[in-house]
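Novice: Residues per chain are reported as follows:
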Amino acid sequence: MPMEEKSFHPRSEEEVEEVVKWVLATKTPLEILGSGTKRGIGHQVEAGARLHMERLTGIIACEPGELVLSAWAGTPMEEIEAALAAEGQHLAFEPPDYSQVLGSQDCGTDGGTHGGTFGGAIAAGLSGPRRLIAGGARDHVLGLTGVTGRGETFKIGGRVVKNVTGYDLSKLLTGSFGTLAAMTRVTVKVLPRPEAIRTLEVSGLAREAGLDLLRRAAASPFSVTGAAFVDERAAGSSGCFLRLEGRADEIDVRLNTMQAPLSVEGAAIGSKASGDLWQGVRDLPAWSAMDIIWRINLPRARAAEVASRVDAEVGGDMFFDWAGARLWLALKGEGTANHEAIRKIAEAAGGKAMLFKAPGDLKSETPVFHPEPDALATLTARVRDAFDPQRILNPGRMGER
Amino acid sequence: MKTMPLDQTIIDRRAAIIAAMRAIVGEERLITSDTAMRPYESDALTAYRQLPLMVVLPDSVEEVAKILVYAQKENVKVVPRGAGTSLSGGALPLADGILMSMARFNEIQKIDYDNLCVTAGPGVTNLSITEAVQDRGFYYAPDPSSRIACTIGGNVAENSGGMHCLKYGLTTNNILGLEMVLLTGDVITLGSDDFTEGGLDLMGLVTGSEGMLGVVTSVTVRILPAPPEAITMLVGFPSVEAAGETVAGIMRRGLIPGAMEMMDRLAVKATEAFVASGYPLDAEAVLIIELDGTREEIKSATALVKKVASGFGASSIVVSTSEEERLAMWQGRMSAFPAVGRLAPDYYCMDGTIPRGKLPEVLTAMSQMSRDFGLEVANVFHAGDGNLHPLILYDANEPGQLERAETFGEEILKLCVRVGGVLTGEHGVGIEKRDLMSEMFTETDLNVQQRVKCAFDPDGLLNPGKVFPTLHRCAELGRVHIHSADGARFPNLPRY
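Chains as they are written, first to last, in this note's numbering: chain E, 20 to 420; chain Z, 4 to 499.
Source of the hints: derived by calculation from the structure; they are not laboratory data.
The structure displayed is predicted, hence computed values, not measured ones.
Keep in mind that the hints are not guaranteed to be accurate.
[What the hints assert, rightly or not] List time: in silico DSS-like cross-link candidates among lysine-lysine, alpha-carbon distance up to 25 Å: (1) K174/E <-> K417/Z; (2) K25/E <-> K46/E; (3) K309/Z <-> K272/Z; (4) K351/E <-> K382/E; (5) K208/E <-> K272/Z; (6) K208/E <-> K417/Z; (7) K310/Z <-> K170/Z.
Okay, chain Z solo, but in the shape it has when bound:
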């Protein structure tokens, strides 16, 4: 990985920058010693570590604005951070940049059952939004696996997904409004407390922009009525193809289940050894399907799933008969990562999306790669939306294995793009996939995106070094290139 060029003048001015930050947030919310900054040196992509210049923890919109105005004036980089659960290095600090933790923005500001929305500080955890409204029968739909710890601000930055996003959407589909501080210190409100139309959709742009456009200080999310009932089905298949055909077949027959997950043989084996959820060990692939709604809706949907799965040769079908059974079935899927983690000292979690129909082809190619690289790979798959999570097993203490695992991972992502998919379905580009962006986008495509970054951040100060493989100066990108200018150059255009 190429690292950002270090700005030594910033390091030299560290004492002055510390003094300026102290004047804004005070001594207690400023961290400057190496020991105390250690917890911030990486996010959940722990292969990359870097101590920041300092850590500040603002606790008001005014403080965030002052910090950003200072940063802009003094040309100091800022990396915003939520809980640090990013799997793509999105919150990796910079040695010459301030790390701005949003942890103090941890209050739910408003629960509005009349308009079905909740307004929360960016430091509020994903799960605590649901916890705040579940007594009244509501919930917040996106459920990334880190939902106990990850923050709603981080979810907005990464446009996080989860197991239920096939039916209920990603973060971006469940956000109604954002308050954001710009580098100018201006505070803007995007969206509202309900559906918004008109004007450019900057809220859609900001969601998933990986903390590079502004600092979100408040998030309004849509809450949904919880389905009255839910059941889970465990379906075993003698082949991955049959499981894949079943997934497509269910949707072709008009049913979008609440969740539809797939695990391959190795992932099932590891999980059963860990939590014993009753997954069939003789199957090549297992589907975990959740059906939710009224009793009649579920009854109708269950019959349909059984019919489709049997038609494609399912070797076993088990339907949960109680809430305990349903949760036990999910326990397996939710323990898949740690369970696979027990098979080897380390594992590397990938996140490509492919057209579902390419699944057998991709899995076959991955088995071959597994043999070539000499590293095992287990597959957990959000089957409904084609989002693949291969887990590459390695041992970082064995010389060369980390590099081999990373190269293997890169090859998997390139394969995803080759078959018509994308580099990342829900984890973000961050630092991890930055240098692979040209597999998917041309230089022009990336320039178009970088110009948007320039519109918000002309000096490249907010979380720079993420997402874009090449950093261009905004002035250079801003020029308009007009070539020779006469109508005669366009002889082929039909005109009337």
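Here chain E stands alone, though its shape is the one from the complex:
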């Protein structure tokens, strides 16, 4: 008998706990949703009930002098970002907005929350270009509360930037896609928003030279906060982009002095245009029409070698972020037969390949997340047992066992 699909819209942490207790008691798999903008990432969840977090909303504490912000999981990212911007601050890990590239349908019932929710951003653990220097989402979560798959409300971490009290479960929960617990409140570290941005654009470099420049720039003492390279095929002409952020009275000098030691001459892009450019690097809107997108994480010095093998064995358009440590590969059309080749190429270079965007039939053929070796997979399953032994929360989202 097909299960009747239920939707829950809790207004408090207690109600979230009640929902989890109910699904445990009735053995109903539960899908947890913010506004659904990242629903396309990971495997599809076969659920009998949905937990919508959008009514668990609002900033609990924005303390600019303490560099922390606490908010309910369902708070729209727009609200978080606006509150921080008003204080001259931001989330330094640059949480991406993939709604356009994924073609996400907003499934919130309270109207559009285009940029997703705060809880969704943390649950997906996604990070933008600035991870190169400022860390990823994992590095900015200070503490949270949530309800485990055992129906217990718990808290971990704290609300200060430096804390080693107890295990660092905040990192474990960040990027767990709601498969361990339904997060209800999250506290993150926030940082000052830079006063000025400059981008040095160096065009016309061949891929190998471009990737080499990214690495040299990231290893230079000029505090490069973004290092991306776009292939000729992906953009019409190749481009190497290096971002500097800082204060208005020093940034242009830094932009000029860094060019000689890097042996390049490039064009300077100002704050406003840089903002748009790096938002494009972060969100990949240019690839909305692509059917299949892979995200390959690899040691940056192997990027050129991996790209050559991809050219030879798979094809597709490529784009490099994090000084080459993150390679985006886009394929158009049916090409579903190459997932094994892509995973092998990544592995041979000490990397991992994630199927970031794909039609459902490809996802049923190959796991979205890079498969783990047996011993690690066994351990991971045991850690899951600790939180959600019945696999009742977002079951299968990460292809977990």
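Assemble chain Z onto chain E, guided by the hints.
Specialist: Below, chain Z alone, put in the same frame as chain E:
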């Protein structure tokens, strides 16, 4: 402090366990006599001492795996140890447990300038990583004050911090990969040589887990390009409040300095008497601020700090004009603990973190406590991130003073939690703060953490007795409690 119940059957089987260890590591890397084990009886929290059952020094991943497999099979506890510089008793031995020293894993395995990483054995000291790469203009950022002696494996276990972690992060933010041996003998690799995404972040979980989940046998850290230049500023204030406001004001105006330290009057007085770094003796609080980057970045930042500090009534501002001056200014801060140590036969170093805005309130309360307990307290403070190091002065030879110092310390940590802070910012819970965990966490919170321990160590064999005030059996924690099961119990949930 409650001690772990002693397992007499293990003591009775000591000879057999020694024979098994000898078969794995040989005679030379096994220590069994009381005299030879004496150096291992405590870590830097010397108030607690305990001789272990024996000390083994494996020197390969295979040996570590064999020892752990044996431990699991024979139900013998194991306490991993780095250099023993923990200030929270994280490496305190157990009378019925093997102490596994990782000292032999003291080689740097790989320096990779292309990927900006270094792979080192857990027994490599923190400072020697920087020393290995500084010729090429790189360094490893986390710099705990024990960095000459403490090991990178111990840093991973404790998630160590240091003076520069406001800008550059703690250990956990600077680790790229770990190799770890599980109690099953399986060797797993977490992370990689660069940023990793996807899958559960077990590397983040293991970092800071105080040696309770597995034994780390290799650590890959990120190295950073050294800033081209750095200067230090010494700023004196007529009140602690003004110094605190300046710290917040600097960050509110968009600047995160490389380091931002605060010392109170007593700490400054003790330090000046010891090393004479030129700290203003008439100030109630002194900020030591490091600014790093290109010359223009530093120029811009210096102007901003001066403006903010003057605005809050700074009584003196001195900027270093040479590398010698800069280092001399730091000498004071780096000598603060031994300098304060000269004021009394013993001192007890605390490690709470508070929201910075609560600093005046906490310091006022601490002065009152100081009077109540009849013990002096000096304060050294990682001001940028709110991490407080009160140093309680006492004399262990005076009856009752150690107990009074410990109670005073406990009261300070409880106060930190009450004002919205935490029990430990960088020293770890260990044995020292274990029984205070319930000040911060409910029983459910602690059960969630203990179940994670069970996932790695179902028999409670790895460094047991640390972190958790109550030990539960894993089977008991693993049960799922489901209460009465019908939809009618949830009448208030809005449904669509």
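Novice: Tell me, which hint numbers fail for this structure?
Specialist: Hint 5 alone not satisfied by this model.
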